[in-house]
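There are 4 protein chains.
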Amino acid sequence: MCGIFGVFNHPEASNLVYLGLHGLQHRGQEGSGIVSSDGNSLYCEKGIGLVSEIFKDADFSRLKGHSAIGHNRYSTYGESVMINVQPIVVNYALGSMALAHNGNLVNAHFLRSELEAYGSIFQSTVDSEVIIHLIAISKGRTFLDRVIDSLKRVKGAYSLLILTEKELIGVRDSYGFRPLSLGEMDGSYILTSESSTFDLIGAKFIRDILPGEIVVISDRGVESYMPFTKTREAMCIFEHIYFARPDSYVFGESVNLVRRKMGYILAKESNVEADIVIPVPDSGVPAALGYSEGGGLPYDNGIIRSHYVGRTFIEPKQSIRHFGVRLKLNPVREVLKGKRVVVVDDSIVRGTTSRKIVSMIRESGAREVHMRIASPPVRFPCFYGIDTPTRKELIASKSSVEETRRHLTADTLEYISIEGMLKAVSSSPEKFCVACFNGEYPIPFTNEEIRQLGLFDDSSDPE
Amino acid sequence: MCGIFGVFNHPEASNLVYLGLHGLQHRGQEGSGIVSSDGNSLYCEKGIGLVSEIFKDADFSRLKGHSAIGHNRYSTYGESVMINVQPIVVNYALGSMALAHNGNLVNAHFLRSELEAYGSIFQSTVDSEVIIHLIAISKGRTFLDRVIDSLKRVKGAYSLLILTEKELIGVRDSYGFRPLSLGEMDGSYILTSESSTFDLIGAKFIRDILPGEIVVISDRGVESYMPFTKTREAMCIFEHIYFARPDSYVFGESVNLVRRKMGYILAKESNVEADIVIPVPDSGVPAALGYSEGGGLPYDNGIIRSHYVGRTFIEPKQSIRHFGVRLKLNPVREVLKGKRVVVVDDSIVRGTTSRKIVSMIRESGAREVHMRIASPPVRFPCFYGIDTPTRKELIASKSSVEETRRHLTADTLEYISIEGMLKAVSSSPEKFCVACFNGEYPIPFTNEEIRQLGLFDDSSDPE
Amino acid sequence: MCGIFGVFNHPEASNLVYLGLHGLQHRGQEGSGIVSSDGNSLYCEKGIGLVSEIFKDADFSRLKGHSAIGHNRYSTYGESVMINVQPIVVNYALGSMALAHNGNLVNAHFLRSELEAYGSIFQSTVDSEVIIHLIAISKGRTFLDRVIDSLKRVKGAYSLLILTEKELIGVRDSYGFRPLSLGEMDGSYILTSESSTFDLIGAKFIRDILPGEIVVISDRGVESYMPFTKTREAMCIFEHIYFARPDSYVFGESVNLVRRKMGYILAKESNVEADIVIPVPDSGVPAALGYSEGGGLPYDNGIIRSHYVGRTFIEPKQSIRHFGVRLKLNPVREVLKGKRVVVVDDSIVRGTTSRKIVSMIRESGAREVHMRIASPPVRFPCFYGIDTPTRKELIASKSSVEETRRHLTADTLEYISIEGMLKAVSSSPEKFCVACFNGEYPIPFTNEEIRQLGLFDDSSDPE
Amino acid sequence: MCGIFGVFNHPEASNLVYLGLHGLQHRGQEGSGIVSSDGNSLYCEKGIGLVSEIFKDADFSRLKGHSAIGHNRYSTYGESVMINVQPIVVNYALGSMALAHNGNLVNAHFLRSELEAYGSIFQSTVDSEVIIHLIAISKGRTFLDRVIDSLKRVKGAYSLLILTEKELIGVRDSYGFRPLSLGEMDGSYILTSESSTFDLIGAKFIRDILPGEIVVISDRGVESYMPFTKTREAMCIFEHIYFARPDSYVFGESVNLVRRKMGYILAKESNVEADIVIPVPDSGVPAALGYSEGGGLPYDNGIIRSHYVGRTFIEPKQSIRHFGVRLKLNPVREVLKGKRVVVVDDSIVRGTTSRKIVSMIRESGAREVHMRIASPPVRFPCFYGIDTPTRKELIASKSSVEETRRHLTADTLEYISIEGMLKAVSSSPEKFCVACFNGEYPIPFTNEEIRQLGLFDDSSDPE
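Protein chains in written order, with my numbering: chain A, 1 to 463; chain B, 1001 to 1463; chain C, 2001 to 2463; chain D, 3001 to 3463.
Rather than coming from a laboratory, the hints here were simulated on the basis of the structure. Among the clues, some could well be false.
To be verified - List time: in silico EDC-like cross-link candidates among lysine to aspartate or glutamate, alpha-carbon distance up to 20 angstroms:
no.	chain 1	residue 1	chain 2	residue 2
1	D	K3155	D	D3387
2	B	K1056	A	E30
3	B	K1139	D	E3114
4	A	K204	A	D149
5	A	K328	B	D1282
6	D	K3064	D	E3165
7	B	K1056	A	E213
8	D	K3139	B	E1114
9	B	K1152	B	E1053
10	A	K204	B	E1334
11	B	K1155	B	E1440
12	B	K1337	A	E293
13	D	K3356	D	E3393
14	C	K2230	C	E2293
15	B	K1064	B	E1167
16	A	K204	B	E1363
17	A	K152	A	E213
18	C	K2230	C	E2213
19	D	K3337	C	E2253
20	C	K2204	D	E3293
21	A	K339	B	E1293
22	C	K2337	D	E3253
23	D	K3056	C	E2053
24	C	K2423	D	E3334
25	C	K2166	C	D2145
26	A	K56	B	E1053
27	D	K3423	C	E2334
28	A	K56	B	E1030
29	D	K3431	D	D3208
30	B	K1328	A	E53
31	C	K2328	D	D3282
32	D	K3339	C	E2293
33	C	K2337	D	E3293
34	B	K1328	B	E1293
35	D	K3337	D	E3368
36	B	K1204	B	D1186
37	D	K3204	C	E2363
Please construct the entire structure, taking both the sequences and the accompanying hints into account.
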């Protein structure tokens, strides 16, 4: 997952992008960059780490100009090194351009080999760089022609921001996997991954960019193009489950409300007799509140989350093991002692943390621990921008629900059903990508891609 | 406020202190240090910033030995510079010693002048250094004699850890202002400001150090001394209100439970007709849950707290003002829209943040905003270790509750009463210091100290 | 000017390159890089500053493999930023390659525009990158074919090292502007800009790479190719005058001896009655010794050079001006007082330092100051790798010798003649480039290049 | 050895001290500090490394005020850590003071034990700190009284600068071991270890501070005091031999001239038939020029010294050994080949470098190598501020001249005689300390000190 944020025509453009990236920090903590334009040149600052660290000594006066784009990286493809931090900025025949990409391309490997055979030299290992090279070699007359040329050749998930000396371009692939919204503030335009950043800077939400839409923002205003062949829609349901902030509206509805409804439906599907409902903080809070309502059980705060566990934590020596979860989450004994506890989380991926949480609650004196998960079992890897582990590491891929329960040492374990989950959103169910739950990938793969992506390499029996 | 943590006789002593300081990070974020002893020498590492930042590249093998103490600094007295980071380590006639101090001395200025007149040279501007110099000049035969000599001369609040080559000493002043607890793990002893750190490292709580007690931990085990004249007890009620973590037991009872009871009593004292109760996260959560129960109103999560706002945030330019609160706290519009909202916080000091919160909730569409505070109005500065502003800056010192309500633009504003607050704890009310609410300071001041401490300097009309 | 150094087949390859770059530090102090190969991959470390600073904390174990090349950058073309530090390393269709370039291309601008028009994306602003792109787009069958293809299109001065996974290639342009020598040590091959680095690492000089020669060093040994059309030779006489170290052999002869002869001839051409000859240290020392011999005057050490003036010196405030020269060079009053002094330097470029030196000598009590320069007046810019200022800044371009003398405030000023200078070398005079003295550039320019290079832009009257 | 520099009453005081420390860099490269005074407070900046590195990003506006002192540290006593970098700055009963010390105290250990017994707490391990504590505990009425009190108790070598809010004090011990000179510039006063720094900043030399003199510089001007019991003078002859810059006047005469005379006398004492005289650069240059004159042999430049070998050089791996000398000094083969060479150096301490130099010259083709040393054999350690090794490591302490010659593999080896050396200076011979050559220490030692200083601990048979 990544976060992207762009501003066109504001005297504090790069400062606003900084604030926007800060508000999108949850979408990527590995590295960030900002590129600005003053109408003649592009200016770039990048770094590894959190937005606040990278830019703490930054001199924003170096990021000149009234337009800017930024990117928070959450590694999906390509190693974690400085060269891979976006936006990618290049000089090419027509001038300069910078690109920020949220999503993942499935045919990047193939396109890169082809481009290199014709003499292109790549700077990074990120898939997004093929888009840049395809623009550079395009014979398109205008920049927009070149962008369309390029995007017609790539396959996969992409919400994009492209900044040139004079224009800010926003794109959402025809499936609409990743969100991208347009806002306005005092005559300036904003493009962002999540609407909560509009609130942050005091901008007004205008509308979501449509699946398959390109918007070109320039001195002529906002122009919209729909140059791609229409496909089905495939919005990522995980944006609602986990990625987006609860104070955002994503794909047209409130993330908090969707999560709460998921908790409510989960309670209706699989309630259990218990004394209290507690969330795994902070991501499980809305679902736990919904579960409390749906299940008619009192909500309490049984686990404290530390504010101080960041990226830089050093793991202590082997001789003092297993501190990871305790440093981040600590039980409140008084709340849990002697109780039958329902603990609600948004999802289970590997199961490692969940197991520690169950054991922590039980050690604090809980009589029973019932785990409830506000998403279905994650059984398939994502190829559209979420950095899921390989199938081998997904606990639901290799274990039944009962096996997982035993592994977690929970008294009961229940997941929401795929149907239940899709009832929580207002859009029609077929507009969402739920491939990580049922393996039905919206984009057909070629055999080559299946091999490249290692799609089924950890399963002798492809499903 | 500060946090202190010590370990005696554990092969991973400095690593455990690191974990302990991490778990006490909320008690001080300005700087931290660890000093260890290998029986012959002391080893020291210090830094400015968060524990995880300071020790991220630390080589713990340099902090040799089986005993160690650590300190998180929250500046109370003395400027914020490296030299003031504790533990203070010195060489003196008998060898080496290191000191970590939680609290504040009221006669430090006087003692320093006196010591300097006799030729002592101070390294720092922290009040705690006078204790060290008094030990160095003492003619006491043993180290313990010298410590007692020294402490008989200082006046104020102190929970102390002192490490020498061979011993770990823990002290709590006779008033018992600040907490200090003793634990045990595999034959090692632990001293800590808060019991939640025992859970963190898997240690067992033994007992609180008593007001006026000195414990000497050495190869002979734990020896207890009560060398000071007995005084009244004066435990700091603000530990329960705000400072301690909810998962700690402080002064013999669960912080979470006390906070919850405060919220419950607050609801009973000043309920209002409303649709939902929301906390100011995270410190207002237990009180809001208690209020929800006491007031019979549904609890919800109306404000999201960002995990990424740390110390290093750069304030954007003047032209983009007022982002401070928004970056840290963001409203969930869907929860608040059209509702009559009770918002619960633990305390109000200056009122600046509360005002922004009220306005944020109202802008999100709330019909009414009722602010409820789970502590009485803070009207007097603290001289025992809490870094309160001067009286001029305390909003409750210069404004009535009604004036404050108007300033915050809330529909109603109510505080818990002092009596109500003290009903939430089990110990008898007279054992607590509530000077910040009623101005009745437990330690009598000399005229000199009144002048030095600027006790009444911002009021022409001392109360 | 730049320095390049390569090693093939030595277990300490990158360590030897580090030592080699250290010994070539005088050829470039702006930044350095090392790229190594372990037969499968290339590994790269670069930095801004001196070799010893860049690699002081370097982990040479990361520069794996038995072959490596390195480069010291002295900016000639392209801004001073990290991205411009060489070797340039890229991945392209056939694998990886790294390039280190000493010299300057005159048609780089034209080639870059052409390559960009076909879609190439450049990473840096250094001229050398065009060579890389020309290799990447070449349809040549072997890597050597591609290199030859590429070099047939570039025009200018180049001594090159190219490292691939399996080969080390050395090239010298057909004019032979810049030196490049081949050495051997325990079965390993070394390529270096200057032979003094062979002494440093204990290697044996084999021979100079010939003008127009390509050597390919691989497991098959050293193979030599002469694929380019023969041109005249044009070895840079400034290597002897200033750039190379006196302990190097360049273009087949001892630099120290050439400089000494230049001083001797200078004395024969323009002796003056005086008491002592002193050098401007350290570059003027050999010529001053030669002058002392040629003029029959005693040599002395009248100016001390500080060892501690490096790149990082901060200029003090405006109010304390003119310290630059004094911090680097200080007069020895006792030596100069009351004397008629001949001061010998290797060359005058802008004249700023010379003027300060004359005034410093005179203020120390010298009765007369006679400046003698062991090279002719520098009147034309260099386009082959020496970073001379524009014509406007060359004092000899805008002033006669007499005007220069008056500017320097010297009693007399004499330069060696072009003919005298060329008598100091053994090779025949027409094999040297002396364009900076007489404006006769060995490579014909196109009109386009004349405009791009700003060749005559500061003179209304091209000569 | 250390360097000290002070300025009183100049608007650019700290900037001038920075320049002064730069010009005294040769006297200490381990660390430096500057302390300034604005009449009310002292301001301090310190660091490890070279002056130019430490202050490269320094903000001189933080070093406020019109007076300042600085210190370059060359470790003599105390470990190499930040805390030991001078000036030492403290607050004490009367205000603030800063101390910079060149020299070494012989009774520091004894005084420190005594001071600690009375309760003093030391911050560092440098001997100079006892002076500070003795000032702090003195009952003297004025600051000057306290300084005199303190210095009457210390024994050893000291040239001192002491800065308070209002005064700059300069002191030279009664033996006059280390230099200290007073200068003047536009109404400001300068105190410096070496007069060459007056030239550097454009100041005028007034006079040397006398042995046993204290000067107090304040708004009242310069006041002089001679409060100590008169002793013999014992100026360090090594200042002339090696430490001071040749462009300085030290103890009343030109260092360059003294060195040149030493070379001349050396040639007269021990000339040899040879073809050329070469120096070990740069320290051997003046003596080699003197030898050339005295011996009637031509002077040449047979060894090149690299400008780029600084503190930060990383030693390459064991497998590529013995590069140390080669990286710093490289022979000029053309000069040495087939010659009988006299090589002149200022002194031999351990003999390691000399051995490498002899072998390097011989490998370059010299027929004979005659080593000549412009100081007598160093046979005893210095206790007055020069960081000589223990007796065991001094080659002349354990080997005869003939044994040393064999070790160096020189054809002949001759040192100047003690009498010859003392003929090179104008002051009478008995005014110099030559203890390192003959073991006659000017200050009598107590038995305690003999043990503490390990004076004879490496010889069973004290001489």
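- Message: Need the list of violated hint numbers for this structure, in ascending order.
- Response: Hint check: 4, 7, 9, 14, 20, 34 fail, others pass.
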